[in-house]
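Chains as they are written, first to last, in numbering that gives the first Met the number 0: chain A, 0 to 175; chain B, 0 to 157; chain C, 0 to 399.
What the hints contain is simulated information worked out from the structure, not anything from laboratory work.
Among the hints, a few may not be true.
[Said to hold, decoys possible] Pairs of lysine to aspartate or glutamate, EDC-like flavour, derived with a Cα cap of 20 Å:
#1 A/LYS69 with C/GLU61
#2 C/LYS34 with A/ASP133
#3 A/LYS160 with C/GLU61
#4 B/LYS120 with A/GLU148
#5 C/LYS145 with B/ASP50
#6 C/LYS34 with A/ASP134
#7 B/LYS120 with A/GLU152
#8 C/LYS221 with C/GLU259
#9 A/LYS142 with C/GLU57
#10 C/LYS216 with A/ASP100
#11 B/LYS120 with A/GLU149
#12 C/LYS221 with A/GLU47
[To be verified] Distance ranges between label pairs, derived from CB positions:
#13 C/ARG309 with B/ILE143: 44 to 54 Å
#14 B/ILE143 with C/GLY233: 48 to 58 Å
#15 A/GLN19 with C/GLU323: 30 to 40 Å
Backbone N, C-alpha and C define an ideal beta-carbon position, used for all residues, glycine too.
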Amino acid sequence: MNTPQASEALKLKFEDSVLQITEAFNETTVEVKKDAIREILSFLQTPEVGFNLLIDLTAVDYLHPKVCTKLVYWLRNATYLHQIRIVLYAEREQAVPSIVDLWPGANWFEREVFDLFGVNFDGHPNLKRILMPDDWQGHPLRKDYPLTEEPVEFKHEAKPKIPSRVIPNVGQSNTN
Amino acid sequence: MAMNQGEKAPFLLTTLESVINWGRKNSLWPAQFGLACCTIEMMSTAAGRYDIARFGMEVFRASPRQSDLMIVAGRLSQKMAPVLLTVYEQMLEPKWVIAMGDCASCGGIYNNYAIIQGVDKIVPVDVYVAGCPPRPEALIDGLIMLQNKIQGERSLRR
Amino acid sequence: MSDNLTQINQEILGDILELNLGPQHPSTHGVLRLKLRLDGEVVISAEPIIGYLHTGVEKECEFRTYHQVFTLIDRLDYLSGPAEEQAFAGAVERLMAIEVPDRAKIIRVILLELSRVASHLLWLGTSALELNMSSVYMYCFAEREKILDIFEELSGARMFPSFWRIGGLAKDATPLFHEQVKEYISGFHSTWKDLDNLLTLNYVWCERLQGVAVIDKDLSAKYLCSGPVARAAGINSDIRKNYPYLDYDTYSFEIPTYTEGDCYARYLVRLFEMKQSISLIEQALGKLKPGPIITDNLKVALPPRPLLARSMEAVIHQFKLVSEGMHPPSGELYEAVESARGELGYYLVSDGGNRPYRLRVRSPSFPHLAVLETVLTGSLLSDVVVAIASVDPILGDVDR
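Isolated chain A (complex conformation) (with noise of 0.2 Å):
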């Protein structure tokens, strides 16, 4: 199937878990719910849909307008070369169902969504760090989690300056 029947199959299958489809840049968004997850993922893993490509799966993290964690599975239908995103949001200490029995090369993307967000995954074998050093605090790709700059010193007592501030942030949201 193509992207646009996939999506209406999703919407007729699983009615009260597929809460938005938006489509923008020539790519389709479908925003899911939680815990049908699993379901959503392993019905469009089908051979009669034919995404079974997982591409990426990685998240976003939001301070505004609440706080939460957007999680991105990017598919691709390796016949007809068409991609979808299924998007889900998460509360910080929610855990998501983990799909590492569907593809088993999420295992990695998982531990690290992990590691620098912060989010559980339940059924995963193996949650640990990867990237950073394994006893460290902190989920370091999240918004409230500094940049922890060094500020650059100058000579002949002029003020120290951090490099992120020197151009302003000018922008919508104005986050960090």
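With the hints as your guide, set chains B and C onto chain A.
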């Protein structure tokens, strides 16, 4: 041989010292400690065009116990810092350290939670080679500087 | 009595050695750590441990403007810096719907393919060095130096040109660039022939590489492999053909694919990819025509210097771009590029500000190292080195 600063050193000692230093500087054996992009420029320096075999350094020993120069080439992350210290402590005296590249010298373009701002927070550095990555000629310049430093060392006197 | 002996034998011979192929090692292609459990020479389990080069680039990019990000991401996959730059520039250009002029597209293709050849040459040189064939290392590096000369002529830097800008390139190519590229591609064939003669039917090379670390089609799909690893397993996929960017659908080139999936097949894929890249460069040079090198959308690209003396708007745009940066619309998208290692994807989330909200780099070598855990079980210790080399990991990309 412990001697005071003011005493004049005997002639034989200084000649022997300069011979020993000459031998040491012309046969430095680097230990491989290539971390990131600067490693590629280090490998280019060891390859045919910018040959460092003419300075006696083509032997990149894998084991730190058989080497006397550690070229820290690349960015040092928090997880790698204990490994760097362990490898440095395994090297035998006399040993020297070159911090190659901006990331090893001062943290480089990265100033965040994950990169240690300068290798000299962990090990004592003798020569800093700047550049991102430094050209092979710059690395050879740093090596010559280190060689001159070794030649001037008071290896038999303290 | 014989039962006792067998039991004693098992206790002595069944000793399992835990060996740490540590982060500082000449053959691990970077700071990769492998925790091996060996029974004699046979590997019982191999656990790759990464993170020794974690740089925090994704977090750092959230604190920089869009132009400042180019130097940071250049150094991720440090052998194919142009591929990273193209992926990021392509993502922002798609987000803002910016047209890149044709001349810039063609020169971008030339730089991308040159960096692919340079990366494969370095891979071949270091892999052969690990099997103790150091003359191949010297040949490959001598050839690679010529490519670095071309980069230096164009942008001033050998390895990281940082030449991409949103909407085009930083500067136009000089006539000397044309001459150098033409001379390079005419001289490449003899080096390729040399390397082919040295290695492809070399007895030691074949014995060490054939049948080792087989990643077949099924394993490759389950473990999200891409690039030469997937193509050697029989999956005929290449981002340049499937999702063409930079007008790759107007060029004619083939994608070498094999079915065995062992290290030898991956070697052949990369060897023939070098040839295809040279043919692509030749076609690109034929298409090159004079024209603008960057878009004239002043909200995105710095205005040309002569215009600054004549137009007030240009001065204001220059000031805004340098002191504040540009503001793409809010949205998220995924842009993929075929780097020398596989599918390099950039997932860019923008909130309308002058800094990226989230920049995620989907690195090609990350799943390739994960698949090593499955593939190395049951192989010999000497095959471990060959397997890591054939997968071509770059730890800067894996650890980001």
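Would you mind confirming whether the straight-line C-alpha gap from C/LYS221 to A/GLU47 stays at or under 20 Å? 18 Å, holds
Does the structure keep C/LYS145 and B/ASP50 at a Cα separation of 20 Å or less? Between C/LYS145 and B/ASP50 the Cα gap is close to 16 Å, so the pair holds against 20 Å.
Are the Cα positions of B/LYS120 and A/GLU148 separated by 20 Å at most? Judged against 20 Å, a Cα distance of about 16 Å means the pair holds.
Does the structure keep C/LYS34 and A/ASP134 at a Cα separation of 20 Å or less? Cα-Cα ~19 Å, so holds.
If you draw a straight line from the CA of B/LYS120 to the CA of A/GLU149, is it 20 Å or shorter? Satisfied, since the Cα-Cα distance of roughly 13 Å is no more than 20 Å.
Holds or violated: C/LYS34 to A/ASP133, with C-alpha atoms at most 20 Å apart: The given pair, whose Cα atoms are some 15 Å apart, holds under the 20 Å limit.
Straight-line alpha-carbon gap B/LYS120 to A/GLU152, limit 20 Å: 16 Å, holds
Decide if the proposed pair is consistent with the structure: C/LYS221 and C/GLU259, CA atoms, cutoff 20 Å inclusive. 17 Å, holds
Holds or violated: A/LYS142 to C/GLU57, with C-alpha atoms at most 20 Å apart: Given that 20 Å is the threshold and the Cα spacing comes to 12 Å, the pair holds.
Within a Cα-Cα threshold of 20 Å, do C/LYS216 and A/ASP100 meet the stated pairing? Given pair C/LYS216, A/ASP100 holds - Cα atoms ~18 Å apart, limit 20 Å.
Taking the beta carbons of C/ARG309 and B/ILE143, is their distance inside 44 to 54 Å? 50 Å, holds
Hint check: A/LYS160 vs C/GLU61, CA-CA at most 20 Å. Holds or violated? Judged against 20 Å, a Cα distance of about 18 Å means the pair holds.
Of the numbered hints given earlier, the model fails none.
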